[in-house]
Amino acid sequence: MIPIEYYLILSAFMFIMGVIGVLTRKNAIIVFMSIELMLNSANLTFVTFSSYLGNVTGQLFVFFVMTVAAAEAAVGLAIIIALFRNKQTVSIDEINILKW
Amino acid sequence: MNIYDLIFYLFATITVLSALAVVSTKNIIYSAYNLMLTFFGVAGLYVLLGADFLAIVQLIVYVGGILILILFGVMLTNKVNGMPIHTEVTNIIPASITIGLFAGIVLAFFMNTNWKSVTTEFPATTIQSLGKLLMNEYILIFELLGVLLLIALIGAASIARKQ
Amino acid sequence: MSIEYFLNSLYLIKPEIAVTIFLVLIVLLDLFFSKKNHLLPFFAFLGLLITGYFVIEQFDIKGLAFVTNDSRAMVTVDSFAAFFKTIVVITSLYFVLLTVNSKEMDETHDRRGEYYTLMMGMVLGMFFMISGSDLILLYLSVELVSLSSYVMAGFAKTSERSSEASLKYLIYGALSSGLMLFGISLVYGLTASTNLYELNALIVVSQANSFVLMFALLLIFAGIGYKISAVPFHFWTPDVYEGAPTPVTAYLSVASKAAGFALLIRFIKVSFVFDKDTLGFWSSNPVFNWQDFLIVISVATMTLGNFAALWQKNVKRMLAYSSIAHAGYLLTGLAVLSDTGLIAILVYFAIYLMMNIGAFLIVILIKNKTGSEELDNYDGLGFSMPFLGVSFTIFLISLTGLPPTAGFIGKLYLFMALVDAKMIVLAVIALLNSVVSLYYYIRILKHMFLAKPKENSPKEELSLQQILIVLSLVIPVIFFGLYFSPIVELAKNSILMLGF
Chain A
1 MIPIEYYLIL SAFMFIMGVI GVLTRKNAII VFMSIELMLN SANLTFVTFS
51 SYLGNVTGQL FVFFVMTVAA AEAAVGLAII IALFRNKQTV SIDEINILKW
Chain B
1 MNIYDLIFYL FATITVLSAL AVVSTKNIIY SAYNLMLTFF GVAGLYVLLG
51 ADFLAIVQLI VYVGGILILI LFGVMLTNKV NGMPIHTEVT NIIPASITIG
101 LFAGIVLAFF MNTNWKSVTT EFPATTIQSL GKLLMNEYIL IFELLGVLLL
151 IALIGAASIA RKQ
Chain C
1 MSIEYFLNSL YLIKPEIAVT IFLVLIVLLD LFFSKKNHLL PFFAFLGLLI
51 TGYFVIEQFD IKGLAFVTND SRAMVTVDSF AAFFKTIVVI TSLYFVLLTV
101 NSKEMDETHD RRGEYYTLMM GMVLGMFFMI SGSDLILLYL SVELVSLSSY
151 VMAGFAKTSE RSSEASLKYL IYGALSSGLM LFGISLVYGL TASTNLYELN
201 ALIVVSQANS FVLMFALLLI FAGIGYKISA VPFHFWTPDV YEGAPTPVTA
251 YLSVASKAAG FALLIRFIKV SFVFDKDTLG FWSSNPVFNW QDFLIVISVA
301 TMTLGNFAAL WQKNVKRMLA YSSIAHAGYL LTGLAVLSDT GLIAILVYFA
351 IYLMMNIGAF LIVILIKNKT GSEELDNYDG LGFSMPFLGV SFTIFLISLT
401 GLPPTAGFIG KLYLFMALVD AKMIVLAVIA LLNSVVSLYY YIRILKHMFL
451 AKPKENSPKE ELSLQQILIV LSLVIPVIFF GLYFSPIVEL AKNSILMLGF
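For the record, the sequence lines run as chains A, B and C.
Just so we're aligned, residue 1 is where the first sequence starts under my numbering, counting upward by one.
Just so we're aligned, residue 1 is where the second sequence starts under my numbering, counting upward by one.
Just so we're aligned, residue 1 is where the third sequence starts under my numbering, counting upward by one.
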């Protein structure tokens, strides 16, 4: 049996990769992919705990989070496309009428 | 080391390497395809953890839905003809310091914690118990998600369509 | 789980059901009668009034809805929730009025249906943020509010500033809700539960793992702190408030902040407080020192908000920083961890609603005439638009917290709660901050009344409706400054919360 720590460290790694992507990448779509990584890692944590605690509810939460992730992706990409129409760019550096 | 351990290491490697690639490659198309590999790796881990139904849903929703959406986003927002689709990296140093600290803390905490673990065997399939929970204790959330999807649909359509 | 149980629960969530019904009706009306969509604001207004009726009905009810067999409840109905829901409903009513009277929103009139649908979705999400008592429900309602407000912030989609604001809001929002979700997953791992009532008992048991728990709580606070724009999760606030259409800004600055505060208060009180003494001070679980943590956050929040506001040239951006500072004042009330502090927060929120919406309303009405929110374009407006000038003065004085306006009462109660708890240093810091805030609020007035008017500055032409809306905010701001016992009594009756 794989120890629970292995799964947790794996998901923490994914989470940290996601945060790095959000903080360092300039392209809004890659930032978006990084956010999906973060949500996936939280999901993996839920499933891990659900399995090791013998409690199915955790799996249900993953189900909910997937719905939210899909909704967020749809809205996010719509916003990115609307912005692209106005500015012809999705690079966060060039999005600077408002100061950060 | 039995076969399950080997499968775990296989999927874990796929997940780690592809997650690393998502945030580090310069080409946005490569990022997207690596993201797909990550989703596959996570789905495999779900199967190992006894979450068969979720593994299927993961493939359908993430690979079949979200990833396609992201690829469409890439196509609609990059002038693929003649324009480079490479992307750049910003403020790397402060970010890596923050992240390094963060990662250290997380690892230290996780290794030194006595996680509760119960060795109960899951039933062969979890669909039945998930369905019961969804329709009884979590019915409110289930309905709320319906509204959330409606709002997302209306919002996305309203903001993305041309005037 | 019997059918009576469901019906009972449905009876307790009548306001939420009313909102959902009107949400669907708005979609359908927009679909089938798109020629008559100028009637939709009235319809949304009506829907909010009906919802408001159900909310007020709940002031004396106490109950748990959607209780599972091991007595975990999804939704708590109590007067605390009713108070904050009332604030959300009143803000939404003003939001409709602000939208109708804003020229900025004219270009979006063919998308009214979507606009009010999103508003209803946001109200629903905020209701569950206020009364939910399960972390997963809270996460989902935060997401529901966020998704609708991302779209609303970018609703003027031909405007570059608006879509930029929307993207920034989205990136920060998704990041912080991702952090919150990871925190929730760790809490679930430690306690095998996400229910606030259960956490209260379980957290004590799992004290051995308190480091991971602290880490998880910090992550959860990231999600809530983003909603109430507390430092260091405030980065989005100035940009989004400046770029979003002004009615949306006003709405975000009051309603979604109120919902975030209600969530934070309920989270702390239900999950960590296990007793209170005769003076109303709470004894909280030693696993996480909320008091010190909140003091640090609140001092940082109000100081940064006030000092950054000093050199803003755009009135909306200045009001954004001022709203960060107000979040800081409100957090000091929570840091006291006592009933008096809680009363002070409720009083402050009721007053903050009037004065902040009022200030944004004046910004909208001025922008209708001048087309600008830059401070330099406010020169001399006090003379060409005397009514708006005087009203703005009253709102700004109230935001500073000077008598005889209601803002003074709000600050007074907060400071009294701080002194009561012998947190003199914190009270002094908050007081000094108010003095700093005086400077930038006065700067607006200086531009309006002391600077030379520009040539051909526009005349003040307000419709009767607009005058009435302004008066409906000005009069209470002065009235409650002089006769404030109704608000205080209401707040005192509303802090009775389930969870002990």
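Bear in mind the hints are in silico, worked out from the structure with no lab data behind them.
As the structure is a computational prediction, the values presented were derived from the model and not from experiment.
C-beta atoms are modelled at their ideal positions from N, C-alpha and C, and glycine is treated no differently.
Just to be clear, a hint being listed does not mean it is correct.
Unchecked claim - Here are the simulated SDA-like pairs of lysine to any residue, each with C-alpha atoms no more than 20 Å apart in a straight line:
hint	chain 1	residue 1	chain 2	residue 2
1	A	K26	B	G146
2	C	K367	C	V296
3	A	K87	C	H447
4	B	K162	C	R161
5	A	K26	C	K369
6	A	K26	B	Y30
7	A	K26	B	F11
8	C	K367	C	L426
9	A	K87	B	G146
10	A	K26	B	A95
11	A	K26	B	P94
12	A	K26	B	V147
13	A	K87	B	T98
14	A	K26	B	N27
15	B	K162	A	K26
16	A	K87	B	V147
17	C	K369	C	G280
18	A	K26	B	L20
19	A	K87	B	Y30
20	B	K26	A	T89
21	C	K14	B	T98
22	B	K26	A	T57
23	B	K162	A	F84
24	C	K14	B	N27
25	A	K87	B	L76
Stated by the list, open to error - Derived contacts from chain C toward chain B, CB cut-off under 10 Å, selection only:
hint	residue
26	F128
27	V273
28	D277
Tell me if the straight-line CA distance from K87 (chain A) to Y30 (chain B) falls inside 20 Å. violated (25 Å)
Holds or violated: K26 (chain A) to F11 (chain B), with C-alpha atoms at most 20 Å apart: violated (29 Å)
For the pair supplied as a hint, K87 (chain A) and H447 (chain C), confirm whether the alpha-carbon distance does not exceed 20 Å. Given pair K87 (chain A), H447 (chain C) is violated - Cα atoms ~34 Å apart, limit 20 Å.
Is the straight-line distance between the alpha-carbon of K14 (chain C) and that of T98 (chain B) 20 Å or less? With a Cα-Cα distance of about 46 Å, the restraint between K14 (chain C) and T98 (chain B) is violated, given a limit of 20 Å.
Is K14 (chain C) within 20 Å of N27 (chain B), Cα to Cα? violated (51 Å)
Verify the proposed pairing of K26 (chain A) with Y30 (chain B), using a straight-line Cα cut of 20 Å. Distance of about 16 Å is within 20 Å: holds.
Hey, K87 (chain A) versus G146 (chain B), does the alpha-carbon distance stay inside 20 Å? violated (33 Å)
Have a go at the F128 (chain C) hint: is there a Cβ in chain B nearer than 10 Å to its own Cβ? holds (7 Å)
Taking 20 Å as the top limit, are the C-alpha atoms of K369 (chain C) and G280 (chain C) close enough? violated (51 Å)
Against the 20 Å threshold, does the CA-CA distance of K26 (chain A) and A95 (chain B) hold or violate the hint? holds (13 Å)
Classify the hint on V273 (chain C) as holds or violated, based on whether any CB of chain B lies nearer than 10 Å to its CB. violated (25 Å)
Run the distance test for K26 (chain A) versus K369 (chain C): straight-line Cα separation, threshold 20 Å. Violated, because 38 Å separates the two Cα atoms, which is more than 20 Å.
This entry does not satisfy hints 1, 2, 3, 5, 7, 8, 9, 12, 13, 15, 16, 17, 19, 21, 22, 24, 27 and 28, going by the numbered hints stated previously.
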